[in-house]
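Residue numbers (the numbering used here), protein chains in the order written: chain A, 21 to 441; chain B, 21 to 441.
Simulated from the structure, these hints should not be mistaken for lab results.
Quantities reported herein were computed from a predicted structural model and do not represent experimental measurements.
Each hint should be verified, as a subset may be incorrect.
The list treats identical chains as one, so a pair stands whether inside a single copy or across any two.
[Said to hold, decoys possible] For lysine to any residue, the following SDA-like pairs were computed, each having C-alpha atoms within a straight-line distance of at most 20 Å:
id	residue 1	residue 2
1	K352	F422
2	K437	R252
3	K426	R349
4	K426	D343
2 protein chains.
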Amino acid sequence: MEINRMMSLAALVKARDAGKANPELMVALCRDAIARKDDRIKAFAHVADSPSIQSDGPLAGIAIGIKDIFDTFDQPTSYGSLAYEGYQPRVDAAIVDLARRQGATIIGKTATTEFAYFKPAETVNPHNHAHTPGGSSSGSAAAVAAGMIPAAIGTQTGGSVVRPAAFCAVTGYKPSYRMLQATGMKHFAPSLDTVGLFAAGVEDVALLAALLTGRDLAVPAGEHEIDPAGIRVGLYRCGQLEGADEAMRDALTRAADLAANAGFDVGEIGEPEAMAHARDAHATIQDHEAGLSCGPDLARFRDQLSPVLIQTIERGQAIVPADYDAARRLVKRGRGATRALFGEVDILLTPSAPGAAPLGLQTTGDPRFNKLWTLMGTPTINIPGLSDGAGMPLGIQAIARFGQDKRLLGVAARLEKAFRT
Amino acid sequence: MEINRMMSLAALVKARDAGKANPELMVALCRDAIARKDDRIKAFAHVADSPSIQSDGPLAGIAIGIKDIFDTFDQPTSYGSLAYEGYQPRVDAAIVDLARRQGATIIGKTATTEFAYFKPAETVNPHNHAHTPGGSSSGSAAAVAAGMIPAAIGTQTGGSVVRPAAFCAVTGYKPSYRMLQATGMKHFAPSLDTVGLFAAGVEDVALLAALLTGRDLAVPAGEHEIDPAGIRVGLYRCGQLEGADEAMRDALTRAADLAANAGFDVGEIGEPEAMAHARDAHATIQDHEAGLSCGPDLARFRDQLSPVLIQTIERGQAIVPADYDAARRLVKRGRGATRALFGEVDILLTPSAPGAAPLGLQTTGDPRFNKLWTLMGTPTINIPGLSDGAGMPLGIQAIARFGQDKRLLGVAARLEKAFRT
Chain A
21 MEINRMMSLA ALVKARDAGK ANPELMVALC RDAIARKDDR IKAFAHVADS
71 PSIQSDGPLA GIAIGIKDIF DTFDQPTSYG SLAYEGYQPR VDAAIVDLAR
121 RQGATIIGKT ATTEFAYFKP AETVNPHNHA HTPGGSSSGS AAAVAAGMIP
171 AAIGTQTGGS VVRPAAFCAV TGYKPSYRML QATGMKHFAP SLDTVGLFAA
221 GVEDVALLAA LLTGRDLAVP AGEHEIDPAG IRVGLYRCGQ LEGADEAMRD
271 ALTRAADLAA NAGFDVGEIG EPEAMAHARD AHATIQDHEA GLSCGPDLAR
321 FRDQLSPVLI QTIERGQAIV PADYDAARRL VKRGRGATRA LFGEVDILLT
371 PSAPGAAPLG LQTTGDPRFN KLWTLMGTPT INIPGLSDGA GMPLGIQAIA
421 RFGQDKRLLG VAARLEKAFR T
Chain B
21 MEINRMMSLA ALVKARDAGK ANPELMVALC RDAIARKDDR IKAFAHVADS
71 PSIQSDGPLA GIAIGIKDIF DTFDQPTSYG SLAYEGYQPR VDAAIVDLAR
121 RQGATIIGKT ATTEFAYFKP AETVNPHNHA HTPGGSSSGS AAAVAAGMIP
171 AAIGTQTGGS VVRPAAFCAV TGYKPSYRML QATGMKHFAP SLDTVGLFAA
221 GVEDVALLAA LLTGRDLAVP AGEHEIDPAG IRVGLYRCGQ LEGADEAMRD
271 ALTRAADLAA NAGFDVGEIG EPEAMAHARD AHATIQDHEA GLSCGPDLAR
321 FRDQLSPVLI QTIERGQAIV PADYDAARRL VKRGRGATRA LFGEVDILLT
371 PSAPGAAPLG LQTTGDPRFN KLWTLMGTPT INIPGLSDGA GMPLGIQAIA
421 RFGQDKRLLG VAARLEKAFR T
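Bound conformation, chain A alone (with noise of 0.2 Å):
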């Protein structure tokens, strides 16, 4: 296999800043990438004719890749679905919208499963073509990886940012919970869909989430490194590690020594009860809305519809009131559980994914580590750098409390360096 070069976004904007590249040429230079290279990613569902390029902006220049599950006006958007094939929607969504106000080109609709959901695109994983990128942010985190393009959005459901990102090694960050309005996108189950960013390295996502926010989250390398002194990380003892893979669980030993060593203060942490049962809920509450939102769609678009997603959509439609309350009961507990556990803690280590990216395109693979974190708005972020075996990658998973941004992003920065070396 070809070893993918990635972009660095950092980089794009310090050399443009620094005269020594200009948005046309970063622009041309993702065009000629993706003419390269995605006939065989397939991260694409659409690349734009002829994308509107901005010569002003902080985000001038930089090509992003806008996940197929958000509305753009200029570019067809089919959800990674038979029945919005060709499908023009009149507005973008906020996220789009957002970008293209910070200077950034729209170069293109990165693939999805269907409805973000279980059945998958066409998109392969550029270090080894025969293992799924994961889902449902397929495209982003492989058109991304591929080099393709510096960066790109997604959202997550249950593990649908931090786990293909992981499967690619690439960096994918969901932020708090309503940190980036999902306004335009085809919502799944809306109290838990969160849209998050890829990029190449955790300073390049951090950027982006500046950028975009305008909030105080960058972390420039060499600057204001964080100091890890005091600073407590917690391997979080889940239940879930159980079904890891031995190599992960090898790999989770491994960054929590290379935490250590970088002058963490790192310790274990058992899973409180209340959160094991939050983890629970989750596909009550995501399936239950599920069968609100995609009701629609259903009604109008059967004959279109997977089989799978037929099935849940069903099964949210038959869950009954009672059960979903509960479910929201759980994750209400659960949410209190999380709040005890940051007084204890301030970053939680997981594996980011079971193992590494499963052989097949059939399945995206299992988001039994991202769960928790999506129905709890925690923010959290993959990190890559480490891998099997056999050189695919594995990503480790950092969490920290809602509103944490800035902690999780730097602390990422710092692990991802010693993850490096």
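Please build the complex by placing chain B on the supplied structure of chain A, with the hints as guidance.
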């Protein structure tokens, strides 16, 4: 002015179930009423040419008007905006699909202010055509009030369900946040946007809520009437009362007397400071979110938006995250205070608006009594029945703790009876 006899949803369902009316006839009755009345009332943005009438389902024969801020696959959806004139969405909003699945007929789209914000629709108040019906759910309230349809769907981001219901003397019910899913509505401020219901009386709106959600919310008249003994009803002494008309202050006092006579445990309760501060956060939260949600429209359709909307979107886009976060913290503290307050009292009573519907159609009135409860996510309802010296309706708002929708509806049903005798 003609006295409008409203259609009771509960009575229609009962007549149908007793074999005294059939769905075709029930819908024909509404089409006839619309044909006779809507030239003057202008409650409808669009009336279906040949609406689908279902013979089965708990809402079979019930003609529902859908605020034209929700997508409908078979009727144009213009969000009260020139920019969307003739726009035809591909699928229904979740609430529309839910109504159809229960057997309802989507009879038409009811007029809304532009994007459910300030710029009025042409709708007039059925009780006096020179007065506003309130907004933003102007058409939903007026269509029910004028006896054209038994039920309508609306939304509230500030006071857009409870206020027009009060001005038009119908029951307007804003459920607990997210009880009705908002997917497929044109969002303005997603953390505030709440789907609400309009019907003639409390029994009607409660039955509609029960049939749409499968929740135990019905409060059938005569049976299972709530026992007022031991239910603590608090007159909410917020600062806004000073800005209310004398007639409205008198009405509130009368409402309290009638509640006490009915057997409720009535007292006065002051506004906690944290709740007053939370109310002040409404504009920051709404405008910041509108800057994101409606940014795409500003970018594409500036020429077709009203000056007041453009200003609000631009003001919202200029709000820095720190100010938004500070506003969210005020809301969080307010929610804590609200929970504590509902430890001391079961139901709060306030005016639904500062007075009766203002003269003129240039504004839709003042949401000062509604914004706090939208922010808090608590269920609220307008109880009609009282009026001012000129015979214009005055609405009393009842509020319950988050999730206590059943109790709210039960108390409101009892108070409505007390107000009407």
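Here's how the hints hold up against the structure:
Taking the shortest Cα distances, K352 and F422 sit within 20 Å of each other both inside one copy (14 Å) and across copies (13 Å). In this assembly of identical chains, K437 and R252 lie within 20 Å of each other by CA distance solely inside one copy; the values are 18 Å within and 60 Å between copies. Proximity of K426 and R349 under a CA criterion of 20 Å is satisfied inter-copy only: 18 Å between copies versus 29 Å inside one chain copy. In this assembly of identical chains, K426 and D343 lie within 20 Å of each other by CA distance solely across copies; the values are 17 Å between and 36 Å within a copy.
Checked against the numbered hints above, the structure breaks none of them.
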